[in-house]
Structure formats: C-alpha cells, structure tokens
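> Read off the chains here:
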Amino acid sequence: MNSEKVIFNFFIVLALTLNFGFVFGAIEDPSHHPVYELFAVIVVNLIATILKFGDRTQVGAILLSTSLVALLQLFVAAIIWFAASYVTGTGLSPAVMASIVSLSAGAVLANVVSVILLLIETVMLRR
Amino acid sequence: MDSIVYIVFRRMRQPLLTLLLAYSVSILGLVLIPGQDDAGQPWHMGFFHAFYFVSFMSTTIGFGEIPYPFTDAQRMWVIFTIYATVISWIYAIGTLLALIQGDAFQNALTVGRFARRIRRLTDTFILIVGYGSIGRELVMALTDRQQHVVVLDSDQQRINLMSLQNLRESVPGFCGNAKNPDNLTRAGLTHPQCSAVVALTDSNAVNLKVAITSKLLRPDLTLVSRADSAEVEKNMESFGTDYIVDPFETFAMHLSIALQSPGLHLLGEWLGGNSHDPLAEPIYPPQQGQWVLCGYGRFGKAVYERLTREGLDVVVIEATPEKTGSPPAGCVVGKGTEAATLMEANIDTAVGIVAGTDRDVDNLSIIMTARELNPDLFVILRQNQRTNNTIVKAVHANMVMHPSQIIANKIRLLLATPMLQEFMLLAKGEEDDWACELVSRLIAISSEEVPDVWEVTIDETDAEAVHSALTTKGKVVAIGDLERNPRERKRHLPVIPLLMIHRGARILLPRKDQKVSAGDTILWCSRYSVQSKMAWTLQHPVALEYVLQGKTEPRSWIFRRLMRQ
Numbered sequence: 001m002n003s004e005k006v007i008f009n010f011f012i013v014l015a016l017t018l019n020f021g022f023v024f025g026a027i028e029d030p031s032h033h034p035v036y037e038l039f040a041v042i043v044v045n046l047i048a049t050i051l052k053f054g055d056r057t058q059v060g061a062i063l064l065s066t067s068l069v070a071l072l073q074l075f076v077a078a079i080i081w082f083a084a085s086y087v088t089g090t091g092l093s094p095a096v097m098a099s100i101v102s103l104s105a106g107a108v109l110a111n112v113v114s115v116i117l118l119l120i121e122t123v124m125l126r127r
Numbered sequence: 001m002d003s004i005v006y007i008v009f010r011r012m013r014q015p016l017l018t019l020l021l022a023y024s025v026s027i028l029g030l031v032l033i034p035g036q037d038d039a040g041q042p043w044h045m046g047f048f049h050a051f052y053f054v055s056f057m058s059t060t061i062g063f064g065e066i067p068y069p070f071t072d073a074q075r076m077w078v079i080f081t082i083y084a085t086v087i088s089w090i091y092a093i094g095t096l097l098a099l100i101q102g103d104a105f106q107n108a109l110t111v112g113r114f115a116r117r118i119r120r121l122t123d124t125f126i127l128i129v130g131y132g133s134i135g136r137e138l139v140m141a142l143t144d145r146q147q148h149v150v151v152l153d154s155d156q157q158r159i160n161l162m163s164l165q166n167l168r169e170s171v172p173g174f175c176g177n178a179k180n181p182d183n184l185t186r187a188g189l190t191h192p193q194c195s196a197v198v199a200l201t202d203s204n205a206v207n208l209k210v211a212i213t214s215k216l217l218r219p220d221l222t223l224v225s226r227a228d229s230a231e232v233e234k235n236m237e238s239f240g241t242d243y244i245v246d247p248f249e250t251f252a253m254h255l256s257i258a259l260q261s262p263g264l265h266l267l268g269e270w271l272g273g274n275s276h277d278p279l280a281e282p283i284y285p286p287q288q289g290q291w292v293l294c295g296y297g298r299f300g301k302a303v304y305e306r307l308t309r310e311g312l313d314v315v316v317i318e319a320t321p322e323k324t325g326s327p328p329a330g331c332v333v334g335k336g337t338e339a340a341t342l343m344e345a346n347i348d349t350a351v352g353i354v355a356g357t358d359r360d361v362d363n364l365s366i367i368m369t370a371r372e373l374n375p376d377l378f379v380i381l382r383q384n385q386r387t388n389n390t391i392v393k394a395v396h397a398n399m400v401m402h403p404s405q406i407i408a409n410k411i412r413l414l415l416a417t418p419m420l421q422e423f424m425l426l427a428k429g430e431e432d433d434w435a436c437e438l439v440s441r442l443i444a445i446s447s448e449e450v451p452d453v454w455e456v457t458i459d460e461t462d463a464e465a466v467h468s469a470l471t472t473k474g475k476v477v478a479i480g481d482l483e484r485n486p487r488e489r490k491r492h493l494p495v496i497p498l499l500m501i502h503r504g505a506r507i508l509l510p511r512k513d514q515k516v517s518a519g520d521t522i523l524w525c526s527r528y529s530v531q532s533k534m535a536w537t538l539q540h541p542v543a544l545e546y547v548l549q550g551k552t553e554p555r556s557w558i559f560r561r562l563m564r565q
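As you go down the protein sequences, you meet chains A and B in turn.
Letter 88 of the first sequence, counting from 1, is numbered 88 in our numbering, and no numbers are missing.
Letter 396 of the second sequence, counting from 1, is numbered 396 in our numbering, and no numbers are missing.
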C-alpha cells in the first residue's frame with residue numbers, strides 16, 4: 001500500500017462525493033444546499049487540483065484538466081452566490097439558486113470523469 | 001518552456017497545499033465564530049467577507065476589522081490565523097525563490113531561452129560545433145562579414161568567454177555535449193535557415209558523430225569537419241562530408257606553397273585575406289640550402305614531410321624524440337632555445353629556420369638565439385596564441401603562421417566562396433610566372449587593401465535581368481559586357497573574372513569575349529563596392545540594355561509605341 005496513492009485517491013473521490021452532496025436536493029430550495037458544503041467542495045477540489053500538478057503522463061494531463069473544469073464551474077457558482085447576496089441584493093431567489101446548483105452539477109460531471117479515469121488507470125496498471 | 005512549468009508545479013505542490021489549508025481553516029473559523037454587528041445583535045460573517053478579510057490579513061495589508069469590530073472570541077481566532085497564514089505565505093514565497101535560484105530551474109530556463117532564440121532566427125546561419133582556438137577564429141572571421149553563427153560547445157567556460165569577446169554579431173551559444181543529437185537539434189540543426197554545419201572539436205569521435213548526425217538529419221547542408229587522422233578522414237569521406245579539414249596538413253600545405261611558388265602564395269594571401277586588410281608584402285624564401293626545423297610533433301611531421309618532398313635538406317631539433325619519434329635521418333635532441341643545440345644543427349650555414357613548437361615562448365626564444373648566431377636566416381614562426389600578437393610582431397619574422405587562423409580562414413572561404421578554393425586548386429597547376437602576372441593585375445585594380453572576392457550565379461535571384469535577356473529575349477552577353485561600367489559603358493569596372501563555371505566546364509581567367517549562359521557561375525575579384533555597381537547591370541533590364549547596346553529603351557508601353565512609329 002502506498003500512502004501517497006491513498007491520499008491522492010481520497011481527495012479525488014472526496015471532491016466528487018462532497019460535490020454530489022451539495023447538488024443533491026430540490027434545485028430551487030436554498031435550505032437543501034448549505035453554503036458550508038459549497039465551501040468544502042471548493043477547498044477539496046483545490047486540494048485535488050494541486051495534488052495533480054506536475055504529473056507528466058497523458059492520463060495526468062487529462063486528470064488535471066477535468067479538475068480545472070470543475071474548479072471553473074464551482075468558482076462561477078460561488079461568484080453568483082456572493083453577487084446575489086452582497087452585490088445586487090436579490091438574495092437567494094429560486095432562479096439564482098437553480099443556476100448555482102446547475103453549475104455545481106456540471107462540476108459533478110467533471111469530477112465523475114476524473115474518478116472514472118482514476119479507476120481506468122488503476123485497473124490497467126493492476127499487477 | 002514545458003519543463004519549466006513542470007518543475008514549478010512539482011516543487012510548489014507542498015507550499016500551495018499548506019497555503020490552501022491555512023486559508024480554508026481560517027475562513028471556516030471566521031464564519032463559524034459568532035460576532036456582533038454595530039447594534040449589538042449577533043451576526044455571522046459570510047464566506048465572502050471571511051475570504052476578503054483573510055486575503056488582506058494574510059498578505060499583511062490589514063485594512064482592519066470589517067464590516068463590524070470583532071468580538072474577543074473572533075480576535076482570539078484571528079491571532080491564530082495571522083501566524084498560520086503569514087507563515088504559509090513566507091514558506092510558499094521562500095520555496096519559489098529557492099526554486100528560481102536553483103540550478104535545475106536556471107538550466108531549464110537557459111535551454112528554453114536558447115531554443116526560443118534559435119527558433120526566431122530568420123537569417124541563414126552556420127552552426128559551429130566546438131569553440132576552441134579554431135572555432136574562435138572562425139566565429140570572429142564570419143561575424144566580421146555579417147554572417148550569423150550559432151555555437152555549440154561542451155564547456156560552459158568557453159561559451160561564457162564568447163560574451164566577453166568583441167564580436168560584431170550577437171552569437172547564441174549553448175553548452176551541451178555535441179555527441180547527443182538532441183543538443184544539435186536544439187542548436188538549430190533542423191532549422192530551415194541553417195545553411196552549414198562545421199564540426200571543429202578537438203576530438204575525432206565527436207566530429208565524426210556530428211558529421212553523421214547532420215548527414216542523416218539534413219543531407220542538404222554543407223558539412224565541414226575537422227579530422228586529425230587519415231583514418232577518420234576516410235570514414236568521413238565515405239558518407240559524403242563536403243569538406244574535411246586536417247589542421248596539420250593544411251598548415252604544412254600553406255608552408256610548402258610559400259616555399260615553392262611565392263607568387264601563388266601571395267595570390268592566396270590577397271584573395272583570401274580579411275576584408276580591408278592592407279595587401280601583404282611578397283616574400284621570397286630561399287629555395288636551396290639547409291633548413292632547421294624545431295619541434296617534431298604533429299605539425300613538425302607534416303612540415304618535415306613537405307619540405308623533404310621539395311628536395312630541401314632539413315635538420316630536425318626535438319626535445320623529446322622518444323615521445324614524438326624522430327625522422328629517418330635522426331634528429332638533434334634539445335629544445336632549440338640554447339645556442340649549443342642550434343650549433344649542433346648547423347645553424348651557421350643554414351638558410352632558414354622554422355620555429356614550430358606548440359609554445360610561443362619557446363618559438364620566440366629559438367628565433368632570437370638563432371638570429372644571434374646567423375643574422376641572415378629566413379625565419380618562419382608558428383604562433384599559437386592570438387594574445388601574443390604584440391610580441392610576435394616585435395620579432396619581425398619573415399613569415400608568421402598562426403595555424404588556427406589559417407584553418408579558420410580556409411573554412412570561412414569554403415563556406416562563403418567555395419569557388420575560390422577551386423580557383424586555388426587550378427592555380428596550383430600553373431607556373432609561378434602566371435601567378436605573378438595575376439598579382440600585378442590585382443595591384444592595378446585594388447587600392448592598397450585586400451580585394452573583394454565574390455560569386456555571381458546567372459539565375460533569377462542573383463542576375464534577374466541577364467537571366468531573362470539570355471533565356472527569353474535570346475540576347476548574347478559576354479564577360480566583357482558585364483565588366484562595363486553601367487553609368488558609362490566605355491569605362492570598365494576595376495574587376496577581374498577569376499573563374500567561371502560555364503555549362504559544367506571550369507574556365508580559369510575567362511577572356512572578355514567569353515559568352516555567358518544561364519546557370520553559369522562566375523567568381524569575381526574587385527575593389528570594394530564594385531559588386532553593388534555591377535548589380536545594376538545584372539539586375540536592371542534598362543542598365544543591361546545600355547551596357548549591351550549603348551542606348552536606353554523607353555520604359556513605358558506608350559513611349560515604346562510612339563518610338564516605334
């Protein structure tokens with residue numbers, strides 16, 4: 001067992017599970033999508049991205065790009081959240097919540113691809 | 001560039017993770033700890049404000065406690081976060097600085113910068129492998145003629161030395177082992193503007209590898225290689241190396257021409273001289289009598305062989321004959337710097353002396369001692385270091401031979417005017433009187449300085465007007481026509497056609513009535529700036545018309561119509 005592999009896989013899977021947890025629930029209802037969970041998703045995704053830095057292989061490059069996609073989606077979701085609550089003052093209306101959650105749902109997809117790639121690599125390299 | 005990003009990411013992973021952890025814990029703490037607004041009501045900081053606060057706090061900008069003054073519980077947490085985040089930043093920045101100063105990063109940066117510089121070269125350039133004494137002379141000679149050069153050498157110190165030299169052009173230099181084909185590619189071997197490769201390292205194996213690599217990757221390039229042994233020379237010939245230069249043989253050949261036919265030697269000196277140098281004085285070495293040769297190394301051996309082939313009587317002085325071997329007739333053991341050794345070699349009855357050891361101090365000392373014993377000696381001095389120029393000049397030797405310079409000059413001529421090499425080969429077959437006559441013609445056209453030597457090919461780029469007149473208009477152009485001054489056709493430009501390749505045949509010193517045909521190449525020798533005057537005749541149809549017929553045709557269509565009627 002390799003502790004580096006454990007940590008690496010842990011964060012990539014955690015990024016997916018947290019992200020899924022945030023998205024799960026009625027899309028327009030703010031009480032189903034706590035802000036703490038979005039914060040945790042962004043932090044864990046950042047960690048996963050940094051862990052993927054510096055891998056020169058082909059799979060490493062695709063892993064990094066999926067993470068960057070997820071981060072981009074999540075950042076936009078967070079900015080919409082901030083803007084709605086502090087800048088425009090509209091608050092978390094159903095429309096705003098729906099766009100935040102749908103953006104995060106896109107990040108879920110990127111994270112799913114990431115995990116699938118991880119599984120493929122693990123299966124292929126099984127010795 | 002790729003490897004730089006890779007190195008940065010690799011090394012920055014740990015610091016970035018630390019920073020991220022410190023940030024997220026600090027932000028989370030600020031959000032969770034309850035505060036008070038200005039009305040004293042309980043208030044929770046949002047993620048947005050927490051991120052804002054941590055961002056300016058951790059970078060020590062510190063705008064204060066906003067939006068509301070903190071409670072003591074919040075301040076306690078902030079004390080912790082200040083230390084955590086500031087230390088994380090210092091760690092991250094420190095790692096980055098150490099990374100930038102590290103050898104691996106600097107190396108990657110140099111390689112990347114060099115590769116970018118080579119990629120952006122837009123003019124034709126010559127790749128020179130090996131920056132020893134010959135390489136240095138060659139780079140200097142080529143850059144003096146505005147030729148772009150790229151240098152590859154395995155010694156960083158030599159590359160550094162290049163930036164200290166006063167070269168006319170900026171020369172990209174790269175430190176890398178030339179045996180590795182990747183380094184050659186990096187230095188521009190596969191670049192479309194690379195026109196020639198010159199392998200000049202002092203190792204035969206490296207030169208051979210460079211030659212093979214460039215013949216395989218770029219068979220169209222001109223390849224010049226140095227070879228110090230006949231075996232390697234044959235090997236290089238076998239796969240089509242264009243020019244192979246043996247420094248010792250070249251040097252000895254130079255010397256033997258000087259002894260055999262002074263006129264031809266002078267001709268070679270003048271035609272091959274560096275631009276704007278004054279014309280060298282003719283020298284007449286004694287043709288008969290006994291010579292003394294000091295030093296029987298690789299140079300000495302080549303010189304000895306040449307001199308004895310000329311039928312001259314040579315006495316060799318060598319300090320360590322057990323190491324270098326000795327000629328069949330035996331040799332005088334000693335350095336030659338002492339009077340006793342020189343006397344033993346019959347210096348008092350000798351006609352000339354060749355001071356040919358590889359140390360300048362010894363050579364100078366030999367000459368000074370020998371002159372005291374026999375003031376009428378003809379003195380040939382081998383100079384090894386360019387830095388000794390001043391003392392070498394002070395000795396006033398009859399001939400100074402600087403091997404690196406001779407060879408560098410030969411390679412420069414091979415690359416710039418390959419026809420001159422052919423001309424000299426053909427000239428060797430002529431009598432010395434022929435050479436002397438040509439020398440006097442050169443004096444007539446040149447103005448106290450080395451003449452300009454250049455090639456012209458009658459094609460669409462070099463001589464557009466002449467080419468189209470010959471191919472489409474069916475006109476007849478002779479060498480004498482090209483020699484006319486395009487401003488006043490009765491006058492002639494100060495120019496001599498040295499050699500002409502006419503439909504594959506070589507014509508030495510073509511006559512004025514020699515016809516020119518498309519595809520011919522002509523080697524001219526002239527005063528400076530004559531080349532641009534002749535370019536008018538070669539490139540401009542109106543100037544050519546005037547030179548051929550003495551009248552100017554109307555240029556516009558209307559005038560041509562009017563004139564015809």
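Among the hints, a few may not be true.
Okay, the calculated bits of chain A under chain B, using three or more residues with CB under 8 Å as the criterion [claimed, not checked]: (1) 14 to 27; (2) 106 to 117.
Computed beta-carbon distance windows for the label pairs [claimed, not checked]: (3) B/Leu-96 with A/Ala-61: 40 to 50 Å; (4) A/Ala-61 with B/Tyr-528: 35 to 45 Å; (5) B/Asp-182 with A/Glu-28: 13 to 23 Å; (6) B/Gln-165 with A/Leu-117: 25 to 35 Å; (7) A/Ala-61 with B/Ile-61: 50 to 60 Å; (8) B/Ser-170 with A/Val-112: 51 to 61 Å; (9) A/Ala-61 with B/Ser-170: 34 to 44 Å; (10) B/Arg-119 with A/Val-112: 51 to 61 Å; (11) B/Ser-55 with A/Glu-28: 50 to 60 Å; (12) A/Thr-122 with B/Gln-165: 53 to 63 Å.
Derived from the structure by calculation, the hints contain no laboratory data.
All residues carry an ideal CB built from backbone N, CA and C; glycine is no exception.
> Hint by hint, say whether it matches the structure.
Verification of the supplied hints:
Beta-carbon proximity to chain B at under 8 Å applies to 0 residues in the region 14 to 27 of chain A; the threshold of 3 is not reached and the given coverage is violated. With a threshold of 8 Å between beta carbons, the proposed coverage of the region 106 to 117 of chain A by chain B is violated, since 0 of its residues qualify and at least three are required. For the hinted restraint 40 to 50 Å between B/Leu-96 and A/Ala-61, the CB-CB distance of approximately 23 Å leaves it violated. Between A/Ala-61 and B/Tyr-528 the CB atoms are about 59 Å apart, so this pair departs from the stated range of 35 to 45 Å.
Between B/Asp-182 and A/Glu-28 the CB atoms are about 59 Å apart, so this pair departs from the stated range of 13 to 23 Å. Taken as a hint, the range 25 to 35 Å is violated for the pair B/Gln-165 and A/Leu-117, whose Cβ atoms sit roughly 54 Å apart. For the hinted restraint 50 to 60 Å between A/Ala-61 and B/Ile-61, the CB-CB distance of approximately 36 Å leaves it violated. For the pair B/Ser-170 and A/Val-112, the beta carbons lie near 54 Å from each other, so the given range of 51 to 61 Å is met.
With their beta carbons about 37 Å apart, A/Ala-61 and B/Ser-170 fall inside the hinted range of 34 to 44 Å. The hint said 51 to 61 Å for the Cβ distance between B/Arg-119 and A/Val-112, and at roughly 40 Å that hint is violated. Against the hinted window of 50 to 60 Å, the Cβ-Cβ separation of B/Ser-55 and A/Glu-28 comes to about 31 Å, which falls outside the hint. At roughly 58 Å, the beta-carbon separation of A/Thr-122 and B/Gln-165 lies within the given 53 to 63 Å, and the hint holds.
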